[in-house]
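Spelled out, the chains give:
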Amino acid sequence: MNSSLVVDNLCDQAGGKEVAIVGLYCDFLAQEEQSTTNMLGAMLKQLVGRGGVPVHIREAFRKAKKEFGGRGLRLPDMVEILKKTVTLVPRVFICIDALDEPTPKHRRELLESLREIVRVSPNTRVFLTGRPHIDGEIGRSFTEVVKIPVSPTYADIKSYLEMRLDGDTDPNAMDDELRADIMRIIPEKISEM
Amino acid sequence: MSSQHQQITGNINSFNFNNIVNFITEIDAEGHQILQWLSPLEPQQRHQSVRTDRLDGVGNWVLETTEFTKWRDAKDGSVVPVLFCYGNPGVGKTYVR
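Those sequence lines, one after another, are chains G and Y.
If you use the working numbering, the first sequence corresponds to residues 1 to 193, in order.
If you use the working numbering, the second sequence corresponds to residues 1001 to 1097, in order.
Treat the hints with caution; some may be incorrect.
[As the list claims (entries may be wrong)] 27 Å max Cα-Cα, derived DSS-like pairs, lysine-lysine:
1) Y/Lys1075 to G/Lys17
2) Y/Lys1075 to G/Lys84
3) G/Lys105 to G/Lys147
4) G/Lys83 to Y/Lys1070
5) G/Lys158 to Y/Lys1070
6) Y/Lys1075 to G/Lys63
7) G/Lys83 to G/Lys105
8) Y/Lys1070 to G/Lys84
9) G/Lys17 to Y/Lys1070
10) G/Lys66 to G/Lys83
11) G/Lys147 to Y/Lys1075
12) Y/Lys1070 to G/Lys147
[Stated by the list, open to error] Stretch by stretch, here's where chain G covers chain Y in the computed footprint (C-beta under 8 Å, at least three residues):
13) 1032–1043
14) 1066–1072
Calculated directly from the structure, the hints in this document are not laboratory data.
These numbers were taken from a predicted model, which means no experiment stands behind them.
We put the CB at the ideal spot given by N, CA and C, even for glycine.
All chains, full assembly: derive it from the sequences and hints.
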């Protein structure tokens, strides 16, 4: 699921000098601003943010300034620069939240760009969240995808509740009847949502 | 200590300070321009706000799945690199419920 939790977990568990963690939050309301180029650029910003701007990006910037009056990168150039930058970091995690929210065109471009990045840097890890219907689109860019359903099933809710009740720090406040009610009513209510 | 001396010290300090600042801003100015040029988006700010809103302990189960830990911990190309968490709106994909 999610991205913010995953980003924090990665920072804690996998973080370090050799690791870069990139997070992107797609927003339906920002479709225009969140062009593919801008989104890939936002990933680049995070990659270079800590260690300073690598020479190849600096050169591309100077060239754009001199020859095109500082015009922004076009998508193919952005993809190339991003690919090159990712190879400079031993491990890169890219977390993209709500991938169903960009336009289909942007989503396709984004997925294709990710595919290119993973192809040249197989050590890259990509974490995506989104509604189920984009599964097919992801499948067109990646033949293999590990999927985790977030929508809780009845059984998921029950096992989660059991885990929480077993870990209760104040078991005296609990009795069998209350526990049975919790186990019956909460999963029913959530499943109805 | 005379006020004159303090003034001189102050001047020296500000002189040095300005020099250093100018030097750093010169390097940083281009770096800053480059970051702006790369993208107007500021995803780190968004992460901060999502993180602040999040309920603690909610959604941790995903982080404990073998799918996730394998994906996170394998340091070579031996695992499937793409993990897709899917669900319908409101189930907390952003916050991982």
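Going through the hints against the structure:
Only pairs whose Cα atoms come within 27 Å are accepted, and Y/Lys1075 paired with G/Lys17 is accepted, the gap being roughly 15 Å. With a CA separation close to 20 Å, the supplied pair Y/Lys1075 and G/Lys84 stays within the 27 Å bound. The suggested pairing of G/Lys105 with G/Lys147 holds, with an alpha-carbon distance near 23 Å, which does not exceed 27 Å. Only pairs whose Cα atoms come within 27 Å are accepted, and G/Lys83 paired with Y/Lys1070 is accepted, the gap being roughly 24 Å.
Restraint check for G/Lys158 and Y/Lys1070: satisfied, since their Cα atoms lie roughly 25 Å apart, inside the 27 Å limit. As the CA atoms of Y/Lys1075 and G/Lys63 are separated by approximately 36 Å, the hinted pair breaks the 27 Å bound. At most 27 Å may separate the alpha-carbon atoms for a hinted pair to count; G/Lys83 and G/Lys105 meet this at roughly 20 Å. With a C-alpha separation of about 26 Å, the suggested pairing of Y/Lys1070 with G/Lys84 holds against the 27 Å cut-off.
Our distance criterion of 27 Å between C-alpha atoms is met by G/Lys17 and Y/Lys1070, whose separation comes to about 21 Å. For the given pair, G/Lys66 sits about 24 Å from G/Lys83 by alpha-carbon distance, which is consistent with the 27 Å threshold. Restraint check for G/Lys147 and Y/Lys1075: satisfied, since their Cα atoms lie roughly 20 Å apart, inside the 27 Å limit. Only pairs whose Cα atoms come within 27 Å are accepted, and Y/Lys1070 paired with G/Lys147 is accepted, the gap being roughly 13 Å.
Evaluation of the coverage hint for the segment 1032–1043 of chain Y: fulfilled, as 10 residues show C-beta separations to chain G shorter than 8 Å, against a requirement of three. For a cut-off of 8 Å, the count of residues in the segment 1066–1072 of chain Y with a CB near a CB of chain G stands at 4, and the three-residue condition holds.
Checked against the numbered hints given earlier, this structure breaks only hint 6.
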